[in-house]
Every structure is written in structure tokens, then in C-alpha cells.
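Participant: Chains as they are written, first to last, in the UniProt record's numbering: chain X, 1 to 341; chain B, 1 to 341; chain P, 1 to 341.
If you're looking for bench data, these hints aren't it; they were derived computationally from the structure.
There's no promise every hint is true.
Which copy is meant is left open, so a pair is good if it fits within one copy or across any two.
Straight-line C-alpha distance at most 30 Å; calculated BS3-like pairs for lysine-lysine [stated by the list, open to error]:
1. K54 with K133
2. K36 with K264
3. K60 with K228
4. K69 with K146
5. K91 with K33
6. K226 with K33
7. K285 with K54
8. K146 with K285
9. K133 with K328
10. K263 with K133
11. K146 with K118
12. K36 with K338
13. K138 with K285
14. K69 with K129
15. K229 with K54
16. K328 with K69
17. K228 with K69
18. K33 with K160
19. K36 with K160
20. K36 with K172
21. K91 with K161
22. K172 with K160
23. K129 with K25
24. K285 with K228
25. K133 with K32
26. K264 with K118
27. K123 with K112
28. K36 with K285
29. K91 with K133
30. K229 with K33
As a plain string of letters, each chain reads:
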Amino acid sequence: MVAIATLGSHCALQVLKGAKDEGIKSILICEKKREKLYRRFPFIDELIIVDSFKEVLDQKCQLILEENKAILVPHGTLIAQMNSEEIESIKTPVFGNKWILRWESDREMKEKLMVEAKLPVPKPVSNPKDINKLVIVKRQGAAGGKGYFMAANEEDYNIKKNQLIADGIISKEETLYIQEYAAGVLAYLQFFYSPLNEELEFFGVDQRHESDIEGISRIPSEQQLKSKKVPSFNVIGNSPLVLRESLLEEVYNMGESFVDASKKMVSPGMNGPFCIEGVYDENAKFTSFEFSARIVAGTNIYMDGSPYYSLLFNESMSMGRRIAREIKIATETNQLDKITT
Amino acid sequence: MVAIATLGSHCALQVLKGAKDEGIKSILICEKKREKLYRRFPFIDELIIVDSFKEVLDQKCQLILEENKAILVPHGTLIAQMNSEEIESIKTPVFGNKWILRWESDREMKEKLMVEAKLPVPKPVSNPKDINKLVIVKRQGAAGGKGYFMAANEEDYNIKKNQLIADGIISKEETLYIQEYAAGVLAYLQFFYSPLNEELEFFGVDQRHESDIEGISRIPSEQQLKSKKVPSFNVIGNSPLVLRESLLEEVYNMGESFVDASKKMVSPGMNGPFCIEGVYDENAKFTSFEFSARIVAGTNIYMDGSPYYSLLFNESMSMGRRIAREIKIATETNQLDKITT
Amino acid sequence: MVAIATLGSHCALQVLKGAKDEGIKSILICEKKREKLYRRFPFIDELIIVDSFKEVLDQKCQLILEENKAILVPHGTLIAQMNSEEIESIKTPVFGNKWILRWESDREMKEKLMVEAKLPVPKPVSNPKDINKLVIVKRQGAAGGKGYFMAANEEDYNIKKNQLIADGIISKEETLYIQEYAAGVLAYLQFFYSPLNEELEFFGVDQRHESDIEGISRIPSEQQLKSKKVPSFNVIGNSPLVLRESLLEEVYNMGESFVDASKKMVSPGMNGPFCIEGVYDENAKFTSFEFSARIVAGTNIYMDGSPYYSLLFNESMSMGRRIAREIKIATETNQLDKITT
């Protein structure tokens with residue numbers, strides 16, 4: 001039998017609880033400083049204690065994983081702490097498609113895949129001089145929104161950028177990406193694509209709670225205007241959402257279109273969980289500003305199953321458990337090569 | 001045995017999954033363009049493909065429904081796409097009370113029923129000249145909030161109205177309804193009244209997420225003031241809420257008062273699911289600005305059961321399943337006439 | 001066998017449903033005016049009807065509780081309606097630690113315990129003259145946030161205070177507490193500490209919905225600035241949240257630190273459910289502005305189990321049921337003295 005392994009952060013609890021629920025051995029690659037936290041959860045069968053997550057690349061760690069026939073479930077922490085070369089050099093089989101993670105990390109490749117998938121993306125603004133309506137300014141990589149800021153014009157952009165540099169939040173040399181700001185209802189659309197049955201499943205939607213931008217909604221305008229603080233977008237948590245049912249057709253279409261584009265651009269395609277992230281405007285038109293080519297932390301809100309998965313499964317099915325179920329079926333039918341890279 | 005049928009939108013998935021969970025045949029009246037979406041869900045036993053939902057009035061469609069002894073579960077899409085005469089002419093038995101749907105659609109009848117039910121309603125403003133505090137301006141019918149706007153005085157009203165007409169969002173001839181704006185915590189109170197056991201059940205509460213009004217909470221005041229955009233109220237989705245327990249007594253009282261008023265005004269009364277929609281102000285006083293005389297899409301957040309129903313049922317009970325359960329009991333006890341019109 | 005009793009408000013439904021689920025007799029001390037509400041729930045085995053909750057101190061009420069070997073589960077309503085002397089004089093065994101409730105009610109003792117627990121607290125402002133950045137002004141006791149207000153400087157403070165006095169919302173003599181306002185993502189961290197197995201469990205997180213401060217987020221700045229209304233913080237309800245997994249280590253540390261400090265300061269310590277309430281700023285740094293030394297109403301959102309408890313229990317486990325489970329185990333193992341005071 002195989003085992004399921006993941007890094008100790010992001011959605012590790014959900015992933016390993018899902019493994020256990022499917023009767024699969026669970027292994028956590030755990031930083032020493034977080035050992036105490038993860039020892040609290042009896043469904044974690046084995047902890048590989050490391051000083052840094054990069055040790056997953058070391059022979060010692062890979063040997064233990066190999067002995068257990070472990071499959072590594074990648075998540076945001078893997079992407080945040082290793083570069084694409086490192087991730088691609090991992091010898092342990094990676095659930096889904098490890099080659100697509102590079103497309104998530106690199107802003108240009110990301111945009112290329114989104115365009116290929118015909119996802120409606122926000123208009124990029126290539127030069128701060130061209131800012132003539134509200135924009136959001138983003139940084140490279142999966143930094144969790146920290147250092148993102150809004151600007152109404154070039155002057156505004158420069159003031160805020162310089163303030164963030166002075167505060168040590170962003171660095172002077174850093175490349176920043178400017179997009180027209182899409183206002184409306186934020187929606188993070190969570191999918192699972194199974195290469196075994198070639199079907200796309202819509203798992204759920206979440207909203208991110210970011211600090212301190214969320215906090216300004218509780219500060220009266222009168223007081224907001226007296227402060228010079230630049231709001232930030234550091235993700236703290238997530239909450240659940242369901243969509244108007246009339247939007248689901250397009251949700252599935254976007255998901256399938258993304259799966260198709262991925263198959264074309266980066267073999268073997270978008271297998272396993274992924275997320276299309278964006279905002280619905282006042283015409284219920286969706287604009288997508290990001291995707292995640294692996295499980296997102298927003299699925300943690302549904303550790304006991306999501307509203308949409310309760311339509312598909314007559315049991316509590318988290319995204320972590322869905323992954324474990326896929327691994328179990330692939331193991332039993334000798335198709336592990338189809339679901340790992 | 002009977003079948004349960006509904007139109008393919010709004011809360012169809014929940015309603016038909018509920019039917020299946022209660023062992024009742026499920027039938028979807030499905031627009032061609034959405035066939036692919038609904039074919040994904042194996043709990044839908046039969047699809048009646050139509051070009052337009054109005055075909056539910058055609059003999060062909062009604063015959064299929066009749067052969068299946070189908071009961072039609074009405075929802076927001078039925079009301080949005082057919083006028084009251086059409087709805088009342090449906091020959092298929094309609095779950096609940098089809099005669100009350102007219103009272104939901106017509107703004108004046110709606111207010112009459114709300115007043116009869118002693119629901120605390122916002123003060124109407126009959127003339128734009130009389131706007132002396134913040135108001136919200138609404139349109140006729142269940143348009144999902146699109147084209148609603150706020151205004152602080154007559155000038156503001158005219159500027160925004162003209163802008164929305166110019167943008168093609170509302171038409172020049174349209175009658176608009178002005179109400180004093182009730183600020184606070186939005187709460188959509190979901191109920192089910194069973195004429196079989198003559199009991200009112202409180203199912204749950206949701207909050208609506210509307211675009212792009214929700215988005216402005218994430219735009220700093222400084223930037224909001226630089227924009228001339230009129231926020232809109234297009235419903236995109238829903239999220240869960242529970243209420244302070246000390247508010248529940250009044251919640252039940254409002255629900256019962258609404259059931260009583262409906263019995264008096266529009267026989268056989270408010271049977272089945274309904275929703276009282278409003279806002280709690282800073283004194284925890286509720287003001288109701290709308291009701292829905294049928295299942296609301298906000299129940300979709302609870303497809304696997306709601307917090308309040310977990311007090312009443314020791315199994316996962318969605319509103320869709322509650323409807324199916326009622327139909328099942330009525331069938332077994334020969335009381336279908338009590339729960340349909 | 002023992003029984004579980006509680007006052008009819010706050011989280012009584014959840015607590016008594018939990019009792020029933022664990023096979024324990026449930027008793028509600030119920031105000032006459034709310035009898036109708038609570039009679040709706042068949043899991044309540046016995047109602048003791050009172051005119052005022054203070055009758056729980058009367059011999060008549062205590063005798064009934066004694067005959068049933070009842071354990072009283074304290075919650076926010078007990079604290080709001082009785083002073084510490086009264087609570088401490090209750091002869092019925094109280095679940096958890098009744099002596100710690102005084103530390104929750106008294107602002108100075110509360111701060112002392114928070115400092116002992118090394119919780120990061122907001123900077124207090126001792127004199128309105130010293131307000132030089134946004135502050136929040138709070139009242140003594142568990143009044144649910146009503147009458148709290150924000151102020152940007154001394155003048156602002158005086159204007160708003162006088163307005164609230166004029167409106168009869170706060171009294172002239174009342175002591176007000178001024179704290180620096182911590183902006184960001186609100187998070188109410190819910191824990192359970194079991195003295196039986198000496199383990200701390202993290203149950204979940206909720207966000208409070210307060211009126212009418214929540215409402216201002218939907219009022220465009222342009223209109224907000226035209227109004228002179230002082231927003232209030234009256235708690236209406238709660239919604240669910242999950243945290244970034246990387247924050248959990250610190251969450252547990254804060255919980256354990258609070259348990260340790262309580263053991264030192266107020267024997268037998270923080271047994272049973274409690275809550276640490278605060279806000280995550282843009283650096284994901286938590287500032288705690290309150291604690292509750294008993295079950296909080298925010299757990300009502302998880303009447304069917306929470307995301308985090310689904311990691312620990314393979315059954316639906318609300319906080320109410322967790323309490324009942326603890327009582328059941330203590331009864332079976334003759335350790336009731338360990339979990340009551």
C-alpha cells in the first residue's frame with residue numbers, strides 16, 4: 001500500500017485526516033518548531049522532523065518517503081519555500097502535476113496559461129503613468145497577499161510604493177505587477193479534476209479574509225480619511241460561500257477550459273485539485289486574477305465536506321479526502337502513474 | 001408514487017438531491033443551454049429539455065409531469081420568468097401555495113401582506129423630494145437586486161437614476177420604490193411551515209453577497225471618493241449566519257405572524273418554505289424589507305443541513321430534503337391536497 | 001445519573017441538545033416570556049419556569065436542580081444578569097470554574113489575567129487627552145458591544161460620548177475604557193480544556209456581526225460623510241472562519257498560556273470552554289482585546305460540529321456536546337469534582 005505525505009502547514013491537517021479516513025498511512029514532513037502542534041493529531045501516523053522544508057530534497061528524507069511508497073501532496077507552502085527547479089527535482093511522486101506549479105509561480109507563464117484557458121483576466125497596466133482608474137499592485141509568487149496595495153493614479157502609486165519600501169515590506173528592486181482593480185464579490189472557485197474518470201468536479205467556493213484591508217470596512221470614512229496607513233492584503237483565513245445556481249454553468253466551463261488548456265500547455269495537464277480566483281462584478285461577470293494549480297487553503301473551511309460535494313458524495317468528503325480517495329482508486333487499479341508526476 | 005419537479009436554476013440541485021434522498025423520483029425542466037451542467041448530477045432522474053421555461057405551461061410538458069404524478073417546487077426563477085397569471089395557470093400541482101406568489105411579485109400586495117403580518121417595514125418615501133435621510137431605491141419584481149441604488153437626497157437620487165438609465169441598467173418608464181435605508185446586520189430568515197403538523201420550523205439565516213456594493217467595503221474611502229460609480233446590488237451568492245439566541249423568540253413570532261396573515265389573506269396560506277428578509281439595527285430591532293413566499297437560494301449554503309435544523313433532525317436535512325420529506329409524508333397519509341395548490 | 005441545566009438564552013439550545021445526544025437529562029431554567037420558544041425543542045426534558053434568571057439562586061430552584069443532580073453550564077447571560085457574588089453563591093455545581101467568571105466581568109482583573117497569560121493586548125489609553133490615533137471606547141461587563149464607539153482624538157471622543165449620553169445609550173457616570181484600535185481580521189478563538197485528560201482542544205473560530213458598524217461597510221463613503229450617526233457594536237450573530245494553518249501553533253500557545261495562567265491565578269484554572277478574542281493585523285500578529293471564561297455564543301455556528309473538531313472527532317461534535325461528553329466521562333469515572341466548582 002502507498003502512503004500520503006505533505007509538508008506541515010497550509011492544509012496538511014485536512015490532507016492527512018483525509019488519508020486516514022481512506023485507510024492510507026499519513027506522513028508529515030514537519031519543521032522542528034511545529035512538532036508540538038502536529039503531535040496533537042493522532043491521525044498523523046509518522047512525522048519526519050526537519051529543520052527546513054528544503055530537506056524534502058535530501059536523500060535521507062526521500063529514502064523514508066520511498067520506503068513508505070509515499071505520494072507527496074503539494075500545496076502553497078511548497079511553492080512559497082522552494083523554487084520551481086527544486087520542486088521539479090523532487091524524486092518522491094508528486095500528486096497531480098508538479099510541472100504545472102512553475103506556471104503558477106511565474107507571473108508571465110501564469111498569464112499565458114490563463115489566456116490560453118480563455119479566462120477573463122483583469123487588464124494589466126504596464127506603466128504606472130497609465131493608471132487612470134483604480135488599480136491593484138501585486139508582487140511575484142505566492143506571498144499570501146502581503147505588500148499588495150491599491151492606487152488611484154501614478155502619484156498615489158509612487159507614494160504608496162515608497163511608503164511600503166520605507167516600511168521594509170517590499171524591496172526596491174522587486175518587480176511589481178499592476179492590474180485594473182476589479183470590484184465586487186470575491187470568489188475562489190475550487191475544483192478537482194480526476195484523470196481516472198476524466199471528470200471535473202466543482203468542490204466549493206470560499207472568500208479570503210485579508211488583513212488589514214478587511215478591517216477598513218469597520219472604520220467609518222470620517223476616520224479613514226484621517227489616517228495615512230496603506231491597507232495590506234495578508235491572508236488570515238477563509239469563510240464559506242455558495243453561488244447563485246445560474247452561475248454554475250460558467251463555473252464549470254471555466255474549470256473545463258482550464259483543464260483543456262493545461263493538457264495542451266503542460267503535460268499531463270491539470271490533474272487533482274485547483275482553484276480559479278476572481279471577482280464577480282455588478283453584471284455577475286467573473287474576472288479571474290489568479291489560479292492555484294494545487295489544493296488551496298480555502299478548502300480548509302470544508303474539512304467536513306462542502307455544500308457542493310454533498311451533492312456528489314453521500315459521505316463527508318473534504319478535498320483532502322477526495323485526494324486520498326483518488327490515490328486509493330489509482331492504487332487498486334494500478335493507475336498511480338496517471339495521477340502523479 | 002409521486003415525483004418532484006423543478007426548473008433548472010436557483011436551488012434545483014438542492015431540491016432534486018433532497019427528492020432523491022427521500023426516495024422520490026426527481027425531474028428537471030431544463031433549458032437546452034444548461035443541459036450539460038445538470039447532466040453532471042446523477043441524482044436527477046429525468047430531464048425535460050425546453051427552449052424556455054415558459055414551456056412548462058405547454059401541454060407536452062404538463063403531460064410528462066402528469067404521467068409522473070409530479071409536484072412542481074416553485075422558486076425564484078419561476079417568479080422571475082413568468083407573470084402571476086402564467087404561474088397560476090400551471091396545471092401541475094405546485095408545492096406550497098401558488099396563489100401567494102403573486103403577493104411576492106407585486107410590490108403593493110407585498111406591502112399589504114407585510115403590514116397584515118405586522119412585520120416592521122422600512123418607511124416608504126413616496127416622492128424623491130421627500131428624501132431627507134439615506135434611502136434605497138428598488139425595482140419591481142425578483143430581479144436579484146440589479147439596478148437598486150442608494151441616495152442621500154433628491155439631487156443624489158436624480159443623478160444616480162439618470163446615470164443608471166444612461167447605462168441601460170434601468171429603463172426610463174420603470175416604477176421605482178424608495179424606502180428609508182435600514183443600516184445594520186443583514187439577515188435572511190428562512191422558515192418552513194408544515195400544514196400537516198401545523199408547525200413552524202426555523203431553518204436558518206444567510207447573508208447575501210451583492211455586487212458591487214460588497215466590493216466597496218474593500219476600497220479605502222480616499223479612493224471611493226475619487227470614483228463616480230453607482231454601486232449595484234446584484235446577488236452573487238450567500239454565506240451562513242447564526243443569530244443571538246435571545247433574538248429567536250421574535251424570529252418565531254414574525255414567522256408565525258406571517259403564517260397567520262397569509263392564512264387570512266390568501267388561502268390556503270403560507271405552506272412550505274418562505275423567507276423574511278431584513279436587517280437588525282443597533283438596538284437589535286429587525287426591519288423587514290422583503291419576503292419570499294417560497295424556497296430562497298440562500299438555503300443553498302445549507303445543502304448538508306443547517307445549524308438550526310441539526311437541533312430538530314438527527315440527520316442531514318436541507319430545505320430541499322425537508323420539502324421532499326413533507327411530500328413523502330403527505331403521499332403516505334393521503335394528504336397531498338393539503339400541501340399543494 | 002446527572003443532569004445538565006442552563007439558562008434559557010445565549011447557547012442553551014446547543015448545550016441541551018448536546019446533553020441529549022450524550023444521553024444526559026436536559027433542564028432549562030426558562031423565563032416565562034420565552035417558554036413558548038423553548039417548548040418547541042423536544043430535546044429539552046424539563047423546564048423550570050422563572051420570572052427572572054436570578055431565581056436560580058432561590059431555594060426552590062436549587063432544590064429541583066439538586067434532586068436532578070444537575071450541573072449548571074454557565075454562559076454569557078448568567079454573567080450579564082448576575083453579579084460575581086451572586087454567581088459564586090450558586091449552590092448547584094457549575095461546570096468549569098465559577099470563580100474565574102469574576103475575572104471575566106471585572107475589567108481590571110481581566111487585564112491582569114491577560115497580562116499573566118502573556119496575551120498581546122491593545123495599548124490602553126488612560127486619558128482622552130492622550131488619544132493620538134484611532135481608539136475604541138468600551139464599557140464595563142458583557143453588554144454585547146452596545147455603546148462601544150471609535151474616536152480619532154479627544155474632541156471626537158467628547159462629541160461621540162456626549163451624543164451617546166444624550167441618546168440614553170450610556171450613562172454619564174459610567175466608567176469607559178479606551179484602547180488603541182487594532183484593525184484587521186477579527187477572530188474569536190474557541191477552545192476547550194479538559195482537566196480529565198489535561199489536554200487543550202482548539203474548537204473553531206467565528207466572526208461576530210455587530211450592528212450597525214457592519215452596515216457602514218455597505219454605505220459608500222460619499223454618503224457616510226453626510227451622516228453624523230455614531231456606529232454601534234451590538235452583537236447580532238456569528239459566522240464561521242478558518243485560519244491559515246501556519247497560525248495554529250501560536251493559537252495553541254495562547255490557549256495553553258491562558259490555561260497555565262488561570263491555574264496559577266484562580267484555582268482550579270480554566271476548565272471547559274473558553275474564548276480568546278482579538279484581531280490579526282497585516283503582519284498576521286494577533287492582538288487580544290477580550291477573553292470569555294466560558295462557552296461563547298459564536299460556537300452556535302457549529303451546532304453540527306466545527307471544521308477543527310472534525311479533525312479530532314469522527315462524529316458531529318458541537319461545543320455543547322463536548323461539554324456533555326466531559327460530564328459523562330467524569331460521571332462514569334467518579335471525577336465530577338474535577339470538572340465542576
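Participant: A separate judgement is required for each hint: does it hold in the structure or not?
Facilitator: Hint-by-hint comparison with the structure:
{"no.": "1", "hint": "K54 with K133", "result": "neither (42 Å within a copy, 43 Å between copies)"}
{"no.": "2", "hint": "K36 with K264", "result": "between (44 Å within a copy, 23 Å between copies)"}
{"no.": "3", "hint": "K60 with K228", "result": "neither (51 Å within a copy, 61 Å between copies)"}
{"no.": "4", "hint": "K69 with K146", "result": "neither (37 Å within a copy, 54 Å between copies)"}
{"no.": "5", "hint": "K91 with K33", "result": "within (25 Å within a copy, 45 Å between copies)"}
{"no.": "6", "hint": "K226 with K33", "result": "neither (41 Å within a copy, 47 Å between copies)"}
{"no.": "7", "hint": "K285 with K54", "result": "between (41 Å within a copy, 26 Å between copies)"}
{"no.": "8", "hint": "K146 with K285", "result": "both (27 Å within a copy, 13 Å between copies)"}
{"no.": "9", "hint": "K133 with K328", "result": "neither (50 Å within a copy, 57 Å between copies)"}
{"no.": "10", "hint": "K263 with K133", "result": "neither (36 Å within a copy, 54 Å between copies)"}
{"no.": "11", "hint": "K146 with K118", "result": "both (28 Å within a copy, 26 Å between copies)"}
{"no.": "12", "hint": "K36 with K338", "result": "between (36 Å within a copy, 26 Å between copies)"}
{"no.": "13", "hint": "K138 with K285", "result": "both (22 Å within a copy, 22 Å between copies)"}
{"no.": "14", "hint": "K69 with K129", "result": "neither (54 Å within a copy, 66 Å between copies)"}
{"no.": "15", "hint": "K229 with K54", "result": "neither (36 Å within a copy, 48 Å between copies)"}
{"no.": "16", "hint": "K328 with K69", "result": "within (13 Å within a copy, 42 Å between copies)"}
{"no.": "17", "hint": "K228 with K69", "result": "neither (54 Å within a copy, 60 Å between copies)"}
{"no.": "18", "hint": "K33 with K160", "result": "neither (35 Å within a copy, 47 Å between copies)"}
{"no.": "19", "hint": "K36 with K160", "result": "neither (40 Å within a copy, 47 Å between copies)"}
{"no.": "20", "hint": "K36 with K172", "result": "neither (38 Å within a copy, 50 Å between copies)"}
{"no.": "21", "hint": "K91 with K161", "result": "neither (41 Å within a copy, 63 Å between copies)"}
{"no.": "22", "hint": "K172 with K160", "result": "within (13 Å within a copy, 43 Å between copies)"}
{"no.": "23", "hint": "K129 with K25", "result": "neither (55 Å within a copy, 62 Å between copies)"}
{"no.": "24", "hint": "K285 with K228", "result": "between (33 Å within a copy, 20 Å between copies)"}
{"no.": "25", "hint": "K133 with K32", "result": "neither (47 Å within a copy, 40 Å between copies)"}
{"no.": "26", "hint": "K264 with K118", "result": "within (13 Å within a copy, 55 Å between copies)"}
{"no.": "27", "hint": "K123 with K112", "result": "within (14 Å within a copy, 48 Å between copies)"}
{"no.": "28", "hint": "K36 with K285", "result": "between (45 Å within a copy, 20 Å between copies)"}
{"no.": "29", "hint": "K91 with K133", "result": "neither (47 Å within a copy, 54 Å between copies)"}
{"no.": "30", "hint": "K229 with K33", "result": "neither (33 Å within a copy, 48 Å between copies)"}
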